[in-house]
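Between the sequences and the hints, there should be enough to build the whole structure, so can you do that?
Going down the list, the sequences are from chains A and B. With the working numbering, the residue at position 173 of the first sequence is 173, and numbering never jumps. Count along the second sequence starting at 1, add 1000, and that's the number in the working numbering.
These are computed hints drawn from the structure, not numbers from a lab. Among the clues, some could well be false.
Residues of chain A placed beyond 12 Å of chain B at every Cβ, according to the derived structure [what the hints assert, rightly or not]: (1) S62; (2) K67; (3) P198.
Incomplete in silico selection of chain A near chain B, CB under 7 Å [claimed, not checked]: (4) M99; (5) N164; (6) I272; (7) T274.
Here the structure is a predicted model, which is why all the values come from computation and not from measurement. Ideal Cβ positions, reconstructed from N, Cα and C, are used throughout, including at glycine.
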Amino acid sequence: MKTKRKIKRSRGTVIFDTFNVIFMLLICFVCLYPIWYVVVNSLNDATDALQGGIYWWPRKFSLANYKSVFSNGSVLQAFKVTIGKTLIGTTLNVLFTAMVAYPLSKDRLIGRKYYMAIGTLTMFFSGGLIPTFLLFKQLNLLNNFLVYIIPAAFNFFNLLIFINFFKEIPAALEESAKIDGANDLTIFRKIIIPLSKPVFATIALFAGVGQWNDYFGGLMYMTNRTDLEPIQTFLYRLVAQVQSSQMAGNISVQVQTSDTTSTSIKLAAMVITTLPICCVYPFLQKYFVKGMMVGAVKE
Amino acid sequence: MADTAVTTKKPKKIKYRNKSSFYKQLANQKYLQVMALLGVAWMLIFNYIPMGGIVIAFKKFKITRTIAEAPWVGLQYFKEFFMDDNFLNIMQNTLGISLLKLIIGFPLPIIFALLLNEIRNVKFKKIAQTISYLPHFLSWVVLGGIMVTWLSKTGVINDFLVASHIIKEPISFLGDAKYFWGLSVISDSWKELGWSAIIYLAAIAGVDQQMYEAATVDGATKLQKIFKITLPSITGTIALMLILQVSGLLNSNFDQVLILKNQINVSRSQVIDTYVYQVGMTMGKYSYATAVGLFKSVIALLLLVIANKTSKKCLGRSLY
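Structure representation (structure tokens):
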């Protein structure tokens, strides 16, 4: 890279660079603006916001939308479900997947080839929506909080990321622990887990975002327990409702007062669900970039 | 995420002198075996039992009875699907949206990665890359909510288009079926642009810098370097990503379509996945929906095999 700078930039290069920077700024704007739009609208008075035209800054600043979110019992309940399933589901997924991955990272494991074959097939073929639903029904997982946790406890793709990481850990560390009399379980707990923080962070991010953003689980498996629906399912219903009212009457402005509350809750809830992820992912960037590349780049 | 390529080293074959040393070995790794088998048990329950459940596609299954009790009907439900008035329409939407995503959505991250790589200011490059990931982490519900608001007659998009005299009358974009394919392709490409570029950026970072230096000495222009060095160096990665994309041709982003679909645009928005959900879950036609789902899985598997074979022959690279 350095040698490039020593050579004087030609006119063509200057034009290229200028356009390139402008293009990148445009991309950044296009990625950020939709979120900004939701944020400023959520901070605006809800009735006033229905008139539209709020693009850059709140016209009539108000925190009422957030107040109505935090005073609405069913919204709070939905947030509780989301937080609960994200914390429990992510922890279990990370620990269980790592636990299965550790023995599979050892060449000496008897039957390793068969275990891996069983897993690889699941990446390319699945039973599909209905057979899975019927299984959950059989297992009494419908209308049960555990449907968010147990079926999400394991992920074969994440397992491959773990395996690749565990293989890099020097075998000498485990051998010395073995001489001291530690068994494999202790080695996994006391040596492997503390050494694998980066990969745990990556998988936790993948699993956490998956749990946090999932709306389909609530839609599909909570057939009569709306109190166990996460916030994303709640938002899905609001969006679907707005869509159908727009389509039915072709009324583009929702002036009805009843809509004011649902619109304000929608915007504020969107901001609240989006912000935590926005704050977390930039710090985990260097880890998940590595995770993304597992197996995909062979060069 | 679940569809990235895998390569695992083949374990060395260990010869056991006799049975007792095999059992000794097994006893030695009893903890490891238990840990691994717990995972296998999980997969057998949550992946393989549903695979077995596919038999209801060939049976007349009712929710009140068990699968074993249901009478066999052979290929009746597959025939029903192929004869259905919606069949052609659904296939057209599924393939249409996916092919457009392949033609438009696939090259964009490559172009983005190539251009981002040319940014000189390292700090700006990093910030731009981080920002480009952002949409990937947003849920389709939030994005769908934004799109529904923006695309309505009084939304931001219409405001902009009318104000800049591109159109005269506001258009109800989601209320007109003909816009659906375009909307779903654009929003999906936007969401995954930065995220998909990660792999290409990593591949570009691995290109030997000496090649660029040599080219600079020879007087190569920037574009020449991109086309003659960078692009050929990352063909392997591009081929791999292409195989995966082709095998997913029948996967038309269920989350996205389900949110943007409505009664008016259904003629252009009903895809296989949403159809399975609709007939299976809202109409309770379990066997029929499973048959449709199985049809999709089998085609997807075939596409994967064909794409992989083609790539092996033409580029000498394959997934497995």
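Outcome of the hint check:
1. At the 12 Å boundary, the C-beta of A/S62 stays outside the reach of chain B, the nearest C-beta of that chain being 18 Å off.
2. Every C-beta of chain B lies more than 12 Å from that of A/K67, the closest at about 20 Å, which supports listing it as non-interface.
3. Even its closest Cβ contact with chain B, about 16 Å, leaves A/P198 beyond 12 Å, as expected for a residue assigned away from the interface.
4. With a least beta-carbon distance of about 5 Å to chain B, the hint placing A/M99 at the interface is held under the 7 Å criterion.
5. A least Cβ separation of about 9 Å between A/N164 and chain B goes past the 7 Å threshold, and the interface hint is therefore violated.
6. Hint status for A/I272: violated, given a least beta-carbon distance of 11 Å to chain B, over 7 Å.
7. Residue-level restraint check for A/T274 holds (minimum Cβ-Cβ distance to chain B is 6 Å; threshold 7 Å).
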